[in-house]
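Enquirer: The primary structure of each chain is shown beneath.
Number of protein chains: 4
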Amino acid sequence: MYQIRTDLALETQEKMQEDHVELKGVRFLEQKIDKNLTISTVVIETENGAKAMGKPKGTYITIEALDMDEEDEDYHREISVQLAEVIKKLVPLKKEDVSVLVVGLGNREVTPDALGPRVADNLFITRHIIKEYGKYAFGEEKVNRISSIVPGVMAQTGMETQEIIRGVIKETKPDLIVAVDALAARSTKRLNRTIQVTDTGINPGSGVGNHRHGLNEKTLGVPVISIGIPTVVDAATIVNDTMYNLVTALTQSEAFSAIGSSLDKLEDAEKYELIRELLSPNLNTMFVTPKDIDESVKRLSFTISEGLNIAFGNGIMQGSHA
Amino acid sequence: MYQIRTDLALETQEKMQEDHVELKGVRFLEQKIDKNLTISTVVIETENGAKAMGKPKGTYITIEALDMDEEDEDYHREISVQLAEVIKKLVPLKKEDVSVLVVGLGNREVTPDALGPRVADNLFITRHIIKEYGKYAFGEEKVNRISSIVPGVMAQTGMETQEIIRGVIKETKPDLIVAVDALAARSTKRLNRTIQVTDTGINPGSGVGNHRHGLNEKTLGVPVISIGIPTVVDAATIVNDTMYNLVTALTQSEAFSAIGSSLDKLEDAEKYELIRELLSPNLNTMFVTPKDIDESVKRLSFTISEGLNIAFGNGIMQGSHA
Amino acid sequence: MYQIRTDLALETQEKMQEDHVELKGVRFLEQKIDKNLTISTVVIETENGAKAMGKPKGTYITIEALDMDEEDEDYHREISVQLAEVIKKLVPLKKEDVSVLVVGLGNREVTPDALGPRVADNLFITRHIIKEYGKYAFGEEKVNRISSIVPGVMAQTGMETQEIIRGVIKETKPDLIVAVDALAARSTKRLNRTIQVTDTGINPGSGVGNHRHGLNEKTLGVPVISIGIPTVVDAATIVNDTMYNLVTALTQSEAFSAIGSSLDKLEDAEKYELIRELLSPNLNTMFVTPKDIDESVKRLSFTISEGLNIAFGNGIMQGSHA
Amino acid sequence: MYQIRTDLALETQEKMQEDHVELKGVRFLEQKIDKNLTISTVVIETENGAKAMGKPKGTYITIEALDMDEEDEDYHREISVQLAEVIKKLVPLKKEDVSVLVVGLGNREVTPDALGPRVADNLFITRHIIKEYGKYAFGEEKVNRISSIVPGVMAQTGMETQEIIRGVIKETKPDLIVAVDALAARSTKRLNRTIQVTDTGINPGSGVGNHRHGLNEKTLGVPVISIGIPTVVDAATIVNDTMYNLVTALTQSEAFSAIGSSLDKLEDAEKYELIRELLSPNLNTMFVTPKDIDESVKRLSFTISEGLNIAFGNGIMQGSHA
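Chains as they are written, first to last, in the working numbering: chain D, 16 to 337; chain L, 16 to 337; chain X, 16 to 337; chain A, 16 to 337.
None of these hints come from the bench; they were simulated from the model. Worth double-checking, as some hints may not be accurate.
No more than 30 Å apart at the CA atoms, straight line, and that leaves these computed lysine-lysine pairs for DSS-like [unchecked claim]:
hint, chain 1, residue 1, chain 2, residue 2
1, A, K313, X, K313
2, D, K188, A, K188
3, D, K313, X, K313
4, L, K233, X, K185
5, X, K204, A, K204
6, L, K103, L, K30
7, D, K188, A, K233
8, X, K146, L, K233
9, L, K204, L, K150
10, L, K150, L, K188
11, L, K103, D, K204
12, X, K104, X, K47
13, X, K157, X, K204
14, A, K47, A, K204
15, X, K39, X, K103
16, D, K188, A, K185
17, A, K47, L, K313
18, X, K233, L, K146
In isolation and in its complexed conformation, chain D is listed as follows (with noise of 0.2 Å):
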């Protein structure tokens, strides 16, 4: 089948029903928070749903918010107040005090791959405070211990992050690890206007950057929740989505019927293979981006980092296991 690159599981899902492929084991719910405001929940539930799905078993939720890229601070507030509930939501700690260690992938050098450096540039980091002086110190009876790390890419480093990440948890034992990555998507119009958390963890052959390894409770040892922004469509995948576009239309438009009756003899192989002879190699390694992507990343490093200040600062987390 034709395989489009995403990492978003609400757009592999909708994907689906384009081409009318009948789901199992994936639940799917959709919630109209207002009129900017959508989160949408896709559920993978079985190893069957996982394969069809391309992505591992879990919950992903994804807030959509149409003004997500707009200069407004309240409403970004707003968005980060959402993330605190989803990330909440997906959280499996039961303890009172919480150690989190917060991961920001990606290149900062590569502006729409500086997605998680950023976020972890502006989170509030508590755990050496409270080794330091107790809990005390910020007068509250539960905080959590916040650390976060940028482990950078592996031509950077000569290091796979997994191995980074698992030294990392040998040393300072945290209990949960969030990881904060910038996204491909399918679709342009998703672009900087969509959170996905997940409990999967990061998985092979996701990120702007393509991580090569995962970062899952699998190979961590430890819960990983994921977080994520499509900053990037792959060249690719727009000219083959469009070309895959025109190739249907063809076979339906009225105007084009007698093309359209030859091209349905087609099957979806064939015009995969007419699409990919059209296709220049170099695409492989351009990608589709804002013109202002540089002025949106910074923005939006600030409303995920917030999310995460709020579901895990100020003794707000012990809400969610009352």
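Given the structure of chain D, go ahead and fit chains L, X and A onto it with the hints provided.
Expert: Chains L, X and A in isolation, oriented as in the chain D frame:
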């Protein structure tokens, strides 16, 4: 006729050839320096030629270097030397000591548009030293006075670039303007591998940042050389273009002869309409750019500034008017 | 007499008091807003006063806010509001719609000198929108036209800042210039906690980057308000000053009465000579700056730009000429 | 005894000499390479020597290059070559293929503390390539595996640098750590002109960022070479030191013989107390740094990374254990 967006005269000329349009009033010359390096010259000689090309009369010289985007200091120097030769060919001045104002166009905060500002950062600036200490400060008889400015973009300044440059020219009276800008190409394979040098200045609608007003001899009263490197392809262009290729291929393909004969009857305008319908409106604010654009712009700005340093600095200038 | 380097009229005035110099032609007023915030006004009324102070005639208003350098968004807003009030007090214009050019002085690449460029980055720029769509674009009857420029420093541009600004003024004809610059103070305790606003413009020798030429009504033909925050103390000043204190203390100390009586006989000039001999010549290119200056400049530039946005934007301006 | 703050063993040794302290257990060697370049070696051989010097036992090699801070690519290469020689002298390994983890210490956001992170940015990283393709990927028989990490500072990560590095060592098992850090000197004339290389690692209290825990063979279980360039002088140190010189000068000066004889009777402790009283408490969070520190750190990080590339890369390593 179906229009593509490109700031490279070379690509417009290629497109004309593809479409079998006979170009009058346009001369073309290609010179293969070695297996890596090709220098092409497009001269638009008549108003008819200008109209057909959608670009003003003048000379457009393109340096294409396959390895230009790779890390190799020596090769970069080689390109800088070639660039200096090309600049000196186009510089219309015969005076002994030339006063040159280099204008670094574009937006420092948007990576693929930051080429101009970064070139300005690396220049060898001499005007203030010569003004203070005389030209013998450099122990040379002939020294060019180099100054530079990064005017910023209109959303940052509230002023047209033209207004700022015209003001600075009035006060500092340079003999020549060199405007450096990031360009949009039609083909991804030209990104970060091509330098275009022209004697026509900067024209409305060109550049990654899309200038609204021209910077040329007519508007500024001083000759303007412009130097650009394509760093993006408009997302609409890449999809348009690949889809156009698809439709064309279908009309020619034996395998799809039935479709071919149907599409063959379509006019270009109809093909274009067909494509337009399928294009997402979001694509208008998107561009396609290589994954390592941050690193590339850093390196390429150095290649250009060295070219300018060689062309105008170090008394090499005199060679050109011997 | 022993000279200290400071760009703050307030510190010059304090030094005069310490030295028991009677100041004629200089008025001083201190207003304690609350326990964190003090506003001081130095008015140099006569040429004699100007000579004694080493600063031109005019009004120098200083906002001192103890918490200004701390992270607290609300407090910042409070200072921005105060700053807007001070600016409106000094703005000598009575027209309905004012055209203001904000000049961000300093060097973007040298952290403690980057205040001006960063303030320019955060401004709400309106001139181009009003020029294109008319003032009703903002749904207001009275809208000020705000433009801004970051001219860079002479080593980067080869031009005096004065030349660039004079050119831009000729082309765009603003009613008022606001020049923002990082300053040098005498005392480290004022760094990042003090805003000086004056109606005298920028004068030779001032600023972290040490301007060679003035930007004031006389040289530009337009009124110039200048706004500055001290971000450095010259290393020579800090050593000079502390050593001067030492020598003074020795002359007064009971414990060192023997030394005291000897030093007492020394003239100020002799004391200064003594100090000079011990000062390393290296200190001339050094400055003293807080460890977190990068973070401070980022934050403070926001406080100032918000002050300007409040003062000139949002129609608040009209209140001042009611 | 009066203490000065310096991370350079060379300066501690000089201070001892100035104060006529006889140093036992410390060897000193100075080697003048040419008029620009001096290499000094301080070897602390005994625990008594270590106590007197306030630094652990080991070898401290200092490369002083007067022109190091100037723009001259060739000269930089020369220093890089010298640095490579010094590193190879200190590297205690005899294996064929060495696995080296370079740690870029310091805070990327604080310019004079960004040396370590910037060195890491420029390294030639090989570990991941050798792990994937074998050492023949480089067409060499002996290739060292270079990896690197920028751990960040505790306020950003909530973790001790030691915890992070210990974790990464457990996972990736390097043979050698090279820790790169920005240092504090006593004298401004050494800033950006001096490289210290030691086999003692990083020790508590050292560095611009003031490390709380050591990174050395004892705490990490792996040999640690440390490389540093002084980029700041503590403001307190510079004032302390100049004032101490003043007091000393007064005791010796003929002109001030009366004062001299009085001060002569003071103990060092009393002199120190006298100085302390006059020092502003603000100075503790201030440092003295050159005006062009941003540019210097950018250049110097390149000199060090090239030194490391030469020392470990390109098979040059084998020469050292032939």
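Enquirer: Against each hint, give a clear statement of whether it holds in the structure.
Expert: Here is what the structure says about each hint:
1. Restraint check: the Cα-Cα separation between K313(A) and K313(X) comes to about 20 Å, which is no more than 30 Å; the hinted pair holds.
2. For the proposed pair K188(D) and K188(A), the alpha carbon gap of about 20 Å is at most 30 Å, so the pair holds.
3. With a CA separation close to 14 Å, the supplied pair K313(D) and K313(X) stays within the 30 Å bound.
4. Taking the CA atoms of K233(L) and K185(X), the gap is near 19 Å; set against the 30 Å cutoff, the hint holds.
5. Taking the CA atoms of K204(X) and K204(A), the gap is about 26 Å. The hint holds against a cut of 30 Å.
6. Using a Cα cut-off of 30 Å, the hinted pair K103(L) and K30(L) holds, with the two alpha carbons roughly 29 Å apart.
7. Restraint check for K188(D) and K233(A): the C-alpha separation of about 22 Å stays at or below 30 Å, so the hint holds.
8. Taking the CA atoms of K146(X) and K233(L), the gap is about 23 Å. The hint holds against a cut of 30 Å.
9. With a C-alpha separation of about 44 Å, the suggested pairing of K204(L) with K150(L) is violated against the 30 Å cut-off.
10. Proximity of K150(L) to K188(L) is assessed by CA-CA distance (about 17 Å); at most 30 Å being required, the pair is judged to hold.
11. Distance check on the hinted pair: K103(L) and K204(D) sit about 46 Å apart at the alpha-carbon level, beyond 30 Å; violated.
12. Between K104(X) and K47(X) the CA atoms are separated by roughly 17 Å; this keeps the pair inside 30 Å, and the hint holds.
13. Taken as a hint, the K157(X) and K204(X) pair is broken in the structure, with Cα atoms around 41 Å apart against an allowance of 30 Å.
14. Proximity of K47(A) to K204(A) is assessed by CA-CA distance (about 18 Å); at most 30 Å being required, the pair is judged to hold.
15. This hinted pair checks out: K39(X) and K103(X) have alpha carbons roughly 28 Å apart, not beyond 30 Å.
16. Among the hinted pairs, K188(D) with K185(A) is consistent with the structure: their alpha-carbon atoms are about 14 Å apart, no more than 30 Å.
17. Straight-line distance between C-alpha atoms of K47(A) and K313(L) comes to about 38 Å, which puts the hinted pair past the 30 Å bound.
18. Distance restraint check for K233(X) and K146(L): the Cα-Cα separation of roughly 23 Å lies within the 30 Å cut-off, and the hinted pair is therefore satisfied.
In terms of the numbered hints stated before, the structure departs from hints 9, 11, 13 and 17, listed from lowest to highest.
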